[in-house]
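2 protein chains.
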Amino acid sequence: MSVELTPIGSLHSPFSQKFGIPRQSAGLTDIPGYITLTPPYDDLNGFRGIDAFSHLWIVFQFHQSIEQTQSYSPLIRPPRLGGNDKMGVFASRSSFRPNNIGLSLVKFVKIERVSGQTRLHISGVDCLSGTPVLDIKPYVPYADSHPNAVSGYAKEQPQATLSVTFSPDLPAQTEEMLALMTQVISLDPRPAYHQRPEYQALHPDKIYQLRLYDFEIGFIVEGNGQAKVMTINR
Amino acid sequence: MSVELTPIGSLHSPFSQKFGIPRQSAGLTDIPGYITLTPPYDDLNGFRGIDAFSHLWIVFQFHQSIEQTQSYSPLIRPPRLGGNDKMGVFASRSSFRPNNIGLSLVKFVKIERVSGQTRLHISGVDCLSGTPVLDIKPYVPYADSHPNAVSGYAKEQPQATLSVTFSPDLPAQTEEMLALMTQVISLDPRPAYHQRPEYQALHPDKIYQLRLYDFEIGFIVEGNGQAKVMTINR
Numbered sequence: 647m648s649v650e651l652t653p654i655g656s657l658h659s660p661f662s663q664k665f666g667i668p669r670q671s672a673g674l675t676d677i678p679g680y681i682t683l684t685p686p687y688d689d690l691n692g693f694r695g696i697d698a699f700s701h702l703w704i705v706f707q708f709h710q711s712i713e714q715t716q717s718y719s720p721l722i723r724p725p726r727l728g729g730n731d732k733m734g735v736f737a738s739r740s741s742f743r744p745n746n747i748g749l750s751l752v753k754f755v756k757i758e759r760v761s762g763q764t765r766l767h768i769s770g771v772d773c774l775s776g777t778p779v780l781d782i783k784p785y786v787p788y789a790d791s792h793p794n795a796v797s798g799y800a801k802e803q804p805q806a807t808l809s810v811t812f813s814p815d816l817p818a819q820t821e822e823m824l825a826l827m828t829q830v831i832s833l834d835p836r837p838a839y840h841q842r843p844e845y846q847a848l849h850p851d852k853i854y855q856l857r858l859y860d861f862e863i864g865f866i867v868e869g870n871g872q873a874k875v876m877t878i879n880r
Numbered sequence: 647m648s649v650e651l652t653p654i655g656s657l658h659s660p661f662s663q664k665f666g667i668p669r670q671s672a673g674l675t676d677i678p679g680y681i682t683l684t685p686p687y688d689d690l691n692g693f694r695g696i697d698a699f700s701h702l703w704i705v706f707q708f709h710q711s712i713e714q715t716q717s718y719s720p721l722i723r724p725p726r727l728g729g730n731d732k733m734g735v736f737a738s739r740s741s742f743r744p745n746n747i748g749l750s751l752v753k754f755v756k757i758e759r760v761s762g763q764t765r766l767h768i769s770g771v772d773c774l775s776g777t778p779v780l781d782i783k784p785y786v787p788y789a790d791s792h793p794n795a796v797s798g799y800a801k802e803q804p805q806a807t808l809s810v811t812f813s814p815d816l817p818a819q820t821e822e823m824l825a826l827m828t829q830v831i832s833l834d835p836r837p838a839y840h841q842r843p844e845y846q847a848l849h850p851d852k853i854y855q856l857r858l859y860d861f862e863i864g865f866i867v868e869g870n871g872q873a874k875v876m877t878i879n880r
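So the sequence lines, in the order shown, correspond to chains A and B. Using this note's numbering, you'd call the opening residue of the first sequence number 647 and step up by one each time. Using this note's numbering, you'd call the opening residue of the second sequence number 647 and step up by one each time.
Since the hints were derived computationally from the structure, they do not count as laboratory data. Beta carbons are placed, not taken as given, at the ideal position from N, Cα and C, and that holds for glycine. Please note that the accuracy of each hint is not assured.
To be verified - BS3-like, lysine-lysine: derived pairs with alpha carbons at most 27 Å apart:
| no. | chain 1 | residue 1 | chain 2 | residue 2 |
| --- | --- | --- | --- | --- |
| 1 | B | Lys756 | B | Lys732 |
| 2 | B | Lys852 | B | Lys664 |
| 3 | B | Lys732 | A | Lys756 |
| 4 | B | Lys664 | B | Lys732 |
| 5 | B | Lys756 | A | Lys732 |
| 6 | A | Lys874 | A | Lys852 |
Claimed, not checked - Pairwise CB distance ranges, derived in the manner of DEER restraints:
| no. | chain 1 | residue 1 | chain 2 | residue 2 | range |
| --- | --- | --- | --- | --- | --- |
| 7 | A | Val760 | B | Ile712 | 50 to 58 Å |
| 8 | B | Pro678 | A | Pro793 | 20 to 28 Å |
| 9 | B | Gly728 | A | Asp697 | 16 to 24 Å |
| 10 | B | Ile712 | A | Leu824 | 44 to 52 Å |
| 11 | A | Lys756 | B | Ala825 | 43 to 51 Å |
| 12 | B | Asp676 | A | Asp676 | 35 to 43 Å |
| 13 | A | Glu650 | B | Asp731 | 38 to 46 Å |
| 14 | A | Pro817 | B | Gln710 | 53 to 61 Å |
| 15 | A | Arg759 | B | Asp676 | 39 to 47 Å |
| 16 | B | Asn794 | A | Lys874 | 35 to 43 Å |
| 17 | B | Glu758 | A | Leu824 | 48 to 56 Å |
Sequences are here, hints too, so could you generate the full structure?
As structure tokens, then:
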């Protein structure tokens, strides 16, 4: 028995590739994004009263993980555990999971009609641009908020661990773009094993490529927790 | 473009009909339930590490709402507004919604293999028994808990408003069953308009039928906020 669902819209975010997407969005509360609603779900009546809520749940599909999850794999390696230990997929928020359903808590910004489209603007987005949206629900604190819940290996929010500087000869960027690059890189998107001193000693000049919107950003990481943006290309 | 999903299991709860199911589960934290996992998702490895979490998200399908949502209806009448005002479906948790996706926060109890089945025991269930489960994810407080979020017309948890008594000539029941009936009825499952004094004055002897497991429970409501269980049949 299977269930057939129809996406209600599509999410637009700065993240045009997986590398650099913060985990659980909580790390980046002001990353802007919007959802374009597909007819008939673009009817503004469907959103009547939504501006009374500060936060929304976005139920979506990890569409880029689908090909890789043809067969069921019960164990995954959470990045939070350094990529060494395996945990059950249902004890994780891994994108490689049955049905590829993702859940993100975002801030409501506004809803508007723009050139014949309904756009729901949100912030705190941690999804790949192009993500199919399956549902939108209001966040209800009395039901959804359990600040004292216990959460295994993911007790605390990932902290910014890199300070970010920019090479002086880069093309000029908007304040927003500089802030976005700084935020994303400061959370250290590198794989856990690249963060080990042994790895860094062997690859001191490694350039990491990050894609945000249509910008290709190259950065290096110096031993003392310093990231430096070397190239910005479109 | 549509998305095909396969339920990973089926939820078992005391609620064999919609009438009486508390809204947002928060009202009934100790209602017991379990999920039986469908192969291949019954592999215990898929749950490795889950006992480190106190709470879980259950993503499910409102399977009994499917027939009624063949065509898209953007407005619903939230019970919280007395059934009078209409709100947008995406500004509500109504079960009559595109894709019929539901989201419930429950407590983790234990996971076990019982006669060849994997059962994930949970509590705080607010789903109809037989609900198809699409995903299970750990609750992560740093990402999911926003106690100060603003939530429109659903600011506070529904409170128990009826005190419950039992007619003396009822068949003997277990303590658990008496506690369950008391909890469910005390939250007043009647439609909002039945709670108005005018309605009650016209229908003083109305018997409400509630079904829990395979028990048929009949109760009346007296004017002063008193519910009395009159019949219990199997």
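A quick look at each hint next to the structure:
Restraint check for Lys756(B) and Lys732(B): the C-alpha separation of about 40 Å exceeds 27 Å, so the hint is violated. In summary, the hint linking Lys852(B) to Lys664(B) is supported, as the alpha carbons are separated by about 19 Å, within the 27 Å threshold. The hinted pair formed by Lys732(B) and Lys756(A) meets the criterion: a straight-line CA distance of about 20 Å does not exceed 27 Å. For a cut-off of 27 Å, the pair hint linking Lys664(B) to Lys732(B) stands: about 21 Å separates their Cα positions.
Distance check on the hinted pair: Lys756(B) and Lys732(A) sit about 20 Å apart at the alpha-carbon level, within 27 Å; holds. Restraint check for Lys874(A) and Lys852(A): the C-alpha separation of about 11 Å stays at or below 27 Å, so the hint holds. Hint check: Val760(A) to Ile712(B), Cβ distance near 33 Å, so the stated range 50 to 58 Å is violated. The hint said 20 to 28 Å for the Cβ distance between Pro678(B) and Pro793(A), and at roughly 25 Å that hint holds.
One distance hint, 16 to 24 Å for the beta-carbon pair Gly728(B) and Asp697(A), holds here, with the actual separation near 21 Å. Restraint check, Ile712(B) to Leu824(A): a C-beta distance of roughly 48 Å satisfies the suggested window 44 to 52 Å. Restraint check, Lys756(A) to Ala825(B): a C-beta distance of roughly 46 Å satisfies the suggested window 43 to 51 Å. A beta carbon spacing of about 39 Å between Asp676(B) and Asp676(A) agrees with the range 35 to 43 Å that was offered as a hint.
As the Cβ distance of Glu650(A) to Asp731(B) is approximately 32 Å, the hint placing it in 38 to 46 Å is violated. The hinted range of 53 to 61 Å is satisfied by Pro817(A) and Gln710(B), whose Cβ atoms lie roughly 57 Å apart. Distance hint check for Arg759(A) and Asp676(B): the Cβ-Cβ separation is about 46 Å, which falls inside the suggested range of 39 to 47 Å. Restraint check, Asn794(B) to Lys874(A): a C-beta distance of roughly 37 Å satisfies the suggested window 35 to 43 Å.
The hinted range of 48 to 56 Å is satisfied by Glu758(B) and Leu824(A), whose Cβ atoms lie roughly 53 Å apart.
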